[in-house]
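Chains P and W, in that order, are what the protein sequence lines are.
All letters in the first sequence, in the order written, are residues 0 to 402 by numbering that gives the first Met the number 0.
All letters in the second sequence, in the order written, are residues 0 to 286 by numbering that gives the first Met the number 0.
Calculated from the structure, these hints are not laboratory results.
Any given hint could be a false lead.
Said to hold, decoys possible - Below, in silico cross-link-like pairs of lysine to aspartate or glutamate (EDC-like), each with a Cα-Cα straight-line distance of 20 Å or less:
(1) P/LYS163 to P/GLU178
(2) W/LYS73 to W/ASP112
(3) W/LYS73 to W/ASP63
(4) P/LYS63 to W/ASP140
(5) W/LYS91 to W/GLU31
(6) P/LYS63 to W/GLU31
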Amino acid sequence: MMRAGPSQEEIRRHNLGVLLRHVHLGGPTSRAELTSRMGVNRSTIMALTADLTAAGLVREELPKETGRAGRPSLVVRPESARVYVFAFDVGVDRVVAARVGLGGVILDRRDAPRERGPFDLEALTAQLAGFAHQMLRDTAPDAVCVGAAAAIAGGVRAADGMVKYGPNLGAFDVPFGEELARRLDIGLPVAVGNDANLGALAEHTRGVGVGCNDLIYLHGDVGIGGGVIVGGQLLSGHAGYGGEVGHMVVNPGGRLCGCGSRGCLEAEVGERTVLEAAGRAGGDRVGRDAIRAVVEAADRGDVAAQRALQRVGDWLGVGVANLINIFNPEMVIFGGMLRDIFLGSAAQVRSRIAISALAASREGVRLRTSALGDDATLTGAAELAFAGVLADPLEALARVTSN
Amino acid sequence: MSETTSTDLGVTPAGRGAPGSGPSDDARPILELRGVNKSFGPVHVLHDVSFAAYAGEVTALVGDNGAGKSTLVKCIGGIHPIDSGEYLFEGKPVNVHSPRDAAALGIEIVYQDLALCDNLDIVQNMFLGRERKNGIVLDEDTMEQMAAKTLQGLSVRTVKSLRQPVSSLSGGQRQTVAIAKAVLWNSKVVILDEPTAALGVAQTAQVLELVRRLADQGLAVVLISHNMNDVFAVSDRIAALYLGRMAAQVKASDVTHAQVVELITAGRSGDLGLTNGNGGAEGKEAP
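Chain P with its partners taken away, still in its complex shape (with noise of 0.2 Å):
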């Protein structure tokens, strides 16, 4: 078949987005070290930093002393403070809005935490555009937002941005972004994706990830939820409800689930259970403290708080094992909750993995814990927000400026 190869300007598009993409990731970078990585001559690198510079995207300056001999290389930096996205992150017992510029810089932010109970649509809404709009008002009058996404604890319909479920919210059928969006009032729309999706995004470009093409990363929050890097692309599904390994079946007729089955693994390893478990349920603590609170009490040599942790570390081995199967990741990290119940029943989780997985598959895969911690929900869903820009910068960013 016969298909005329990408027009110049199609390059210099591509091109344009590669290059900020470097340095939106990398930080600032000499233009002599962006010609070697983006294996292009001088001269385009020149033009397409002109390009960019012009439009403030970003801002070349001189190196304060590189100790070599000759002529230095200009230094391109990414325009922090000027080109900037609102990122939102909604967890079971936490919201955060925060202000997040070119380079992933968090500008400013605001934290609150969340009362559980029924999903108040226009409540929730209400208070995170309330904060955007505090944000916005200590903006610099030339700074411009290019794009917003936030990140929610349930399942998101690609399509839409529809939250189709989030039985830990009690958010079912919610047309969340549609609703920040217009209560945003920006004139940008609001992109929404599962918390434990952008989290493996998140970890994949900044966290602990990097360079890793093959990852699956896991976020505990209340539930368990997932998400799958295969070959540098994230595992959508068909209709975007993909890497919910939360709800994989490790336990058939066990632990009732709050998504209506039994013996998901969410079910077996997730707050609930471990509170239960250490024989702390209906507490007044929940949450990230809560589970903190068993493992230290482990610890400490309380034996109902081990016994918690060695079931969940024995289930949470189990469902590991399984994705290690299948997936032979090459590296497996442990976010959110999961991050303290990994490292207290760490013994549980690998002999399982010994146990269970498959030895060419085990032997080079690598158990680490989030390198983002808390904030690995909310970098993600900024890096969903600055999509747009990194794909067309010049394009995205004249539709946003007309506005």
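Fit chain W to the given chain P structure using the hints.
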């Protein structure tokens, strides 16, 4: 199987790969001891001990009290000269007679007591005994910059000021400073003796992540610990000492908690470990 607990984990890893039958890509160890013996007078503490540490990996050294872990570490660090056996560094035989020799090779040890001076600040502690000088005066600026760069490289964000005295730091922060001090000297092997022993859960997590990061940055890390969760959370290999003999050195991905506990308490577990638990036979490494 809803009540599976640790006791069920004594099962040998699935037959699809015998324990220790690691990949053929086993790189050469950066630090290797072969058949090391050490006696103190009539007490024979280390019997034909073999041990290896690899760049980019965490090797856990486990064993009961009195198994010889500290003696082995002190032999590696040049505090106790070895009586017989081979000491190889980067594949070449070396003679290590003093801590200075070990430091010159790039081997640093962080002891349990951390050996930090409470009255000195973080920078002063990190350069203690190896101060940078500019002529005859101390080069404080350079030292502060190097200390800051090292802590930054380790993603340490918990310390507010490099000029605060160590007495004002928490246990986890002290451990962090002691570890940073060890890696400041372009060291290649860092040995940590019970780094999480006195810490709370939150700080233990931070120190474990730091230990992992050191290895991921290319250092060979040797971790001595009694906590099996800590060992399994960060190690790539586990070396178990039993009554002065190396019961086994295995890949962490190939063994279970129960097997490691057996190696520690009985010197053997199934096919692994010493052929005769009471000693006599040579410590066998997994094939």
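Each hint, compared with the structure:
1. P/LYS163 to P/GLU178: Answer holds: P/LYS163 to P/GLU178 is near 14 Å, not above 20 Å.
2. W/LYS73 to W/ASP112: Holds - the C-alpha atoms of W/ASP112 and W/LYS73 are around 15 Å apart, at most 20 Å.
3. W/LYS73 to W/ASP63: Between W/LYS73 and W/ASP63 the Cα gap is close to 17 Å, so the pair holds against 20 Å.
4. P/LYS63 to W/ASP140: It holds: about 17 Å lies between the C-alpha atoms, which stays within 20 Å.
5. W/LYS91 to W/GLU31: 9 Å, holds
6. P/LYS63 to W/GLU31: 43 Å, violated
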